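Peer 1: From first to last, the protein sequence lines are chains A and B. Just so we're aligned, residue 8 is where the first sequence starts under our numbering, counting upward by one. Just so we're aligned, residue 8 is where the second sequence starts under our numbering, counting upward by one.
Worth flagging that the hints you see were computed from the coordinates, not collected in a lab. Computed from a prediction, not measured in an experiment: that's the story for all the values here. One or more of the hints may lead you astray.
The list makes no distinction among identical chains, and a pair is therefore deemed to hold if it is satisfied within one copy or across any two copies.
[Claimed, not checked] Under the rule of at most 20 Å between Cα atoms (straight-line distance), these lysine to aspartate or glutamate pairs were calculated in the DMTMM-like manner: (1) Lys185 <-> Glu121; (2) Lys89 <-> Glu175; (3) Lys165 <-> Asp133; (4) Lys185 <-> Asp128; (5) Lys185 <-> Asp151; (6) Lys185 <-> Glu111.
2 protein chains.
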Amino acid sequence: MSIYKNSGMSLSFTNQRRAILLVSALITIMVWSFSLWARTNDAIPYPAGYRQWAHVMSALIGPQSPAFALNGGIHHIYANEKGLEGYRTGRFPDGSVLVADFLETRESAGITTEGPRRRIDVMLKDSRRYSETGGWGFEQFRGDSQTDRMTTAESATKCFACHGQQKERDSVVSRFRK
Amino acid sequence: MSIYKNSGMSLSFTNQRRAILLVSALITIMVWSFSLWARTNDAIPYPAGYRQWAHVMSALIGPQSPAFALNGGIHHIYANEKGLEGYRTGRFPDGSVLVADFLETRESAGITTEGPRRRIDVMLKDSRRYSETGGWGFEQFRGDSQTDRMTTAESATKCFACHGQQKERDSVVSRFRK
Numbered sequence: 008m009s010i011y012k013n014s015g016m017s018l019s020f021t022n023q024r025r026a027i028l029l030v031s032a033l034i035t036i037m038v039w040s041f042s043l044w045a046r047t048n049d050a051i052p053y054p055a056g057y058r059q060w061a062h063v064m065s066a067l068i069g070p071q072s073p074a075f076a077l078n079g080g081i082h083h084i085y086a087n088e089k090g091l092e093g094y095r096t097g098r099f100p101d102g103s104v105l106v107a108d109f110l111e112t113r114e115s116a117g118i119t120t121e122g123p124r125r126r127i128d129v130m131l132k133d134s135r136r137y138s139e140t141g142g143w144g145f146e147q148f149r150g151d152s153q154t155d156r157m158t159t160a161e162s163a164t165k166c167f168a169c170h171g172q173q174k175e176r177d178s179v180v181s182r183f184r185k
Numbered sequence: 008m009s010i011y012k013n014s015g016m017s018l019s020f021t022n023q024r025r026a027i028l029l030v031s032a033l034i035t036i037m038v039w040s041f042s043l044w045a046r047t048n049d050a051i052p053y054p055a056g057y058r059q060w061a062h063v064m065s066a067l068i069g070p071q072s073p074a075f076a077l078n079g080g081i082h083h084i085y086a087n088e089k090g091l092e093g094y095r096t097g098r099f100p101d102g103s104v105l106v107a108d109f110l111e112t113r114e115s116a117g118i119t120t121e122g123p124r125r126r127i128d129v130m131l132k133d134s135r136r137y138s139e140t141g142g143w144g145f146e147q148f149r150g151d152s153q154t155d156r157m158t159t160a161e162s163a164t165k166c167f168a169c170h171g172q173q174k175e176r177d178s179v180v181s182r183f184r185k
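Model the full assembly from the supplied sequences, consistent with the hints where possible.
Peer 2: The following block contains the structure:
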């Protein structure tokens with residue numbers, strides 16, 4: 008009997024521990040899910056379909072430029088419909104998205120062609136959400152990835168340190184080539 | 008009286024000459040108008056709004072290339088909706104328009120930027136009208152002009168001599184960069 012009694016007490020203790028573990032696990036999952044949800048909702052979405060948006064302009068950064076290490080190669084700027092309105096009027100409405108597409112280049116017999124994608128830089132206009140940085144949110148996606156984000160709060164501040172100098176042009180450096 | 012008579016005859020003769028001249032002038036104007044109408048209707052129209060079409064790909068032609076004299080600088084290819092379908096399927100439907108935008112380049116401190124437009128090259132797909140050249144019509148517009156056409160029947164044949172080698176790809180050399 009004592010064996011059963013002990014077994015009973017032991018089982019009850021195990022169940023209690025299991026219940027605590029289960030609740031802890033549930034709380035952990037809930038907190039993690041909420042944090043993921045919050046992060047996902049806060050994040051600038053990948054600009055799906057930008058390759059068919061209007062092409063604003065292009066430039067090439069060669070080895071002689073101090074920007075070569077980070078930005079070397081060819082880059083093209085694309086804008087969605089609202090972004091285009093911004094280039095026309097000088098004020099980018101909320102919802103404007105601009106994408107800088109950074110590609111490596113290959114050179115052969117004097118002809119430079121486009122190589123693999125290094126990353127894309129994205130600017131999203133939301134004047135309330137990004138009021139600290141001229142109304143612009145900044146994000147970068149590595150290579151062809153739609154999820155590998157490269158921008159931290161600190162690097163976003165750096166983006167704006169440079170873009171923000173273009174006060175007359177709503178913090179946008181590029182111009183739409185006619 | 009004789010004076011009047013003579014004058015009458017002389018006037019009549021002048022009127023006759025005037026009538027002949029007028030008819031000749033009218034015929035000339037009609038023939039010229041018809042020829043202009045035929046030419047205008049035959050001509051590939053300037054691809055208005057192509058700067059907001061999808062950007063297919065880009066390349067740079069440098070001084071080391073034998074193509075530099077004619078095509079040196081950066082060029083971008085643009086496609087209308089039907090053209091995009093062609094890049095996806097490999098068969099370009101009638102109405103497809105492709106534009107190659109040739110620009111001079113400027114280089115400073117390792118950064119190459121876009122300069123003035125040299126010309127645009129246009130390809131229009133119309134399988135019946137251009138059955139002799141793979142279904143493609145070819146045209147070029149000088150600089151920013153929408154009327155200064157550079158292509159003759161002879162140069163269009165030259166365009167096709169090269170494009171036509173791309174049999175598997177409906178005579179199109181470029182590919183849509185992902």
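Peer 1: Could you work out which of the previously given hints the structure breaks and list their numbers from low to high?
Peer 2: As far as the earlier hints go, not one is violated by this structure.
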